[in-house]
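Asks: Sequence:
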Amino acid sequence: MNKKHYSKLISIVITILFLGLLISPCINGKISLRIDLKESLNKNINGRISREKMIEIAEAYVNFEWYPTENNIAPRTDFYILFHNILNRLVQNHLIIYLLAVLNGIKYVDTPDRDTHSDWPETYGWIADEKNIGVPYQWGGFSSISGFDLINPIDFEDQYTGTNSFEGKIYYAGDVFCDTGVISRRACGVDCSGFVSRCWNLSSKQSTRTLNNSEFSLPITIDNLQMGDILLRENHHVMLFKEFVDENRTLLTVYEAGPYYKAVEMTYEINNILDDGHSIELINNEVYGLYTYNAGNLVD
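All residue numbers for the sequence shown refer to this note's numbering, where the first residue is 21 and numbers rise by one.
Please note that the accuracy of each hint is not assured.
As the list claims (entries may be wrong) - Cross-link-like lysine-lysine pairs, in silico, DSBU-like; alpha carbons within 35 angstroms at most:
hint, residue 1, residue 2
1, LYS189, LYS73
2, LYS262, LYS151
3, LYS262, LYS73
4, LYS151, LYS73
5, LYS189, LYS151
No wet-lab data here; the hints were simulated from the structure.
My request is simple: use the sequences and hints to build the entire structure.
Replies: This is the structure in structure tokens:
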């Protein structure tokens, strides 16, 4: 591509971002900015939850049956890839472009589908036109599932099927591309912290940088770990604790979104107990802090 064509394509990218910013408050007649007024006002009003319900919600995400189609696969056309390669470069080097991309939710989406990633084993991701198990991983995702009275719901089934409040707008199922720090408005699913935020029935999505804030959780030792508590690597990953597998507490079972690019139940070996019991070392020498729910609405 010559310099003239490259400059023209950059101009198109910037124009699309500005147009998106202008129309974004009017999509479906609702404010659709990432941080809207309702979420800001309700950020500390979390839903009621019990430890048993946390586990029920987690298992519902893990066992969720859904039937995606090719419409849920992100594009792989040459233009789509070229457009987003240029956008990614601009996002990384220009603050204004980055902010516009964030506000519009415009980013390259890589859906974790085995139609595209044909070399993946059958346990990974999802495949079109078949029954799939487990809500897909979406970086930055906070989709809800029905049946639990979750606060501020964003129903995953409605999103991926384009029905009810999302009628006529079919979302891409998941997104494993996270290099730009921008969350897609065209994708649906949950990431690790969005998954825990839903299991805890929080009013807004928290991150692995905020879930250990005292308004949401408190540090505990392994002796006090209960179902529904979390294992957290700040700024990396978070998992919901289910149970110890054995009496010696050498193995534990968790729920998480990430491995296999969907919500799953996993069992890990505890390699070491650190920090007077406040942290544990798991696979690949990864150290997780232990935290208990403290968001204010825990019921028996």
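Asks: Could you work out which of the previously given hints the structure breaks and list their numbers from low to high?
Replies: No numbers; nothing is violated.
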